[in-house]
Amino acid sequence: MNHFDKKIRQMAENTPCPTSKEYEKKIDRTLEAIKNQSPAVTSRKASFFSFPKAGIAVCGAAALVLISIPVSAKISDYVKDRMEQMSSAEQEQYITANDSSKMTKEHDTEALRYSRELTADEENRYRALWDKYRNEGLFPEGELTLTDRLEADAAITAPVYETYNREIFLPDRALTDEELLQMIDFSEKSAYAVSQTKEAQESIQAQQEFNRNPYPDETDLSEDEAISKAITFFHEMYGVDCSQMETSCDYWMGFGFGEYGDYEITFKESDTCSYCVNINSATGILSQLFIIKDGIDYHAPFRTPAKADETFLRSNYENAKKLITSAFNSDVTVTKATCGYSVNANGETETGCAYYFFGLSNNTVYGIQYHIDSDYFGYIYQLSDQGWEQGGTPEPGFQILELEP
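Okay, so the sequence shown: first residue is 196 according to our numbering, each after it adds one.
Hints listed in this document are in silico derivations from the structure and should not be mistaken for laboratory results.
Even for Gly, the Cβ is constructed at its ideal location relative to N, Cα and C.
Watch out, some of these pointers could steer you wrong.
Only pairs whose alpha carbons sit at most 30 angstroms apart, straight line, appear in this in silico DSSO-like list of lysine-lysine [unchecked claim]:
hint	residue 1	residue 2
1	K463	K488
2	K297	K463
3	K516	K488
Each pair of labels, with its calculated beta carbon distance range [what the hints assert, rightly or not]:
hint	residue 1	residue 2	range
4	L596	E331	51 to 59 angstroms
5	G453	Y273	39 to 47 angstroms
6	A315	E464	36 to 44 angstroms
7	N539	D272	44 to 52 angstroms
8	A369	S296	30 to 38 angstroms
Could you build all of it, start to finish, from the sequences and the hints given here?
Quick look at the structure:
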């Protein structure tokens, strides 16, 4: 697995699947879809979740690269000419159609999905048509219909892309070759347009720079130092001794908080329990931490609704605060804190999780996912310092509790 694949896997892992087996299949399917330029198909019945908008701001730029790099790497002369013929207004239309700020919290970093599975015949034709699209310049006569948001009772008579869910809604009939070509064209144009944005270009440049020298600097943490630091993290934060566990350590691009280059250290206690942490090699600061315990992957938010009790979440703040501050020296303090969660009409969180967000005196910002039913903090992740607020008025149903530092 190369460093970019690793980054894709990290982003793909931000969405849940019911079991670890299905979870891994989803990640592998996402990677395969991107590499082969094949459709990422998901069922309308599936339920997805990604970070709240107050969450990991870096995901926006990362998702751009997720879309753009493989396409630009494999683009043919036919497709290149077609992409370059797009006007600025057309490119802006496709950028807007993939703008996470216009999507729901559940889908704002999610891969493009379909309202139903393609049939075997449709998928075979899709792949064949994509080959002809790239290698023979076979393009559609028309364009895929785009809309911000469909009406709840909208009749789907032809494929239509809805920005709100980042989803292509398909009619309940066999798709024509023209319709499949329009879907292919939409994917290519989206990828190209997004790849031209400043954020994507910066991420692409960072990836290229990292690949030119994908090794820690002389002044960075060594692998042994990173492992020792990881052991300390889990001991101080969770009271778990990982020193005698099966250990693996990889070096990859990381999330780019300050400097690119993270060690990912995994401690395996058993087949159903492991501890994983990402540590920035230049700063030694925690980038991400997650736990798999009793077969439950806490890195993937849950899909079982749970009652959100504001009084309890406020009282539980001290536990979350103790957890995050124990990852730093005693002179690092909390400067700001909130708790955020989405609720349905029954007052339940759809994923069974709430999120504690912390601004620290060392100018870092973190989120901690709290699984309500398990009463467990199994996932901690660093955020961009620009990702503190939700970026505007919270959507209906998204609750924010201001907490005292």
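Right, here's what the structure says about each hint:
1. K463 with K488: The given pair, whose Cα atoms are some 10 angstroms apart, holds under the 30 angstroms limit.
2. K297 with K463: violated, 40 angstroms
3. K516 with K488: holds, 22 angstroms
4. L596 with E331: 51 to 59 angstroms: holds, 57 angstroms
5. G453 with Y273: 39 to 47 angstroms: Holds, at about 42 angstroms.
6. A315 with E464: 36 to 44 angstroms: holds, 42 angstroms
7. N539 with D272: 44 to 52 angstroms: holds, 50 angstroms
8. A369 with S296: 30 to 38 angstroms: holds, 35 angstroms
Taken one by one, the earlier hints fail for this structure only at number 2.
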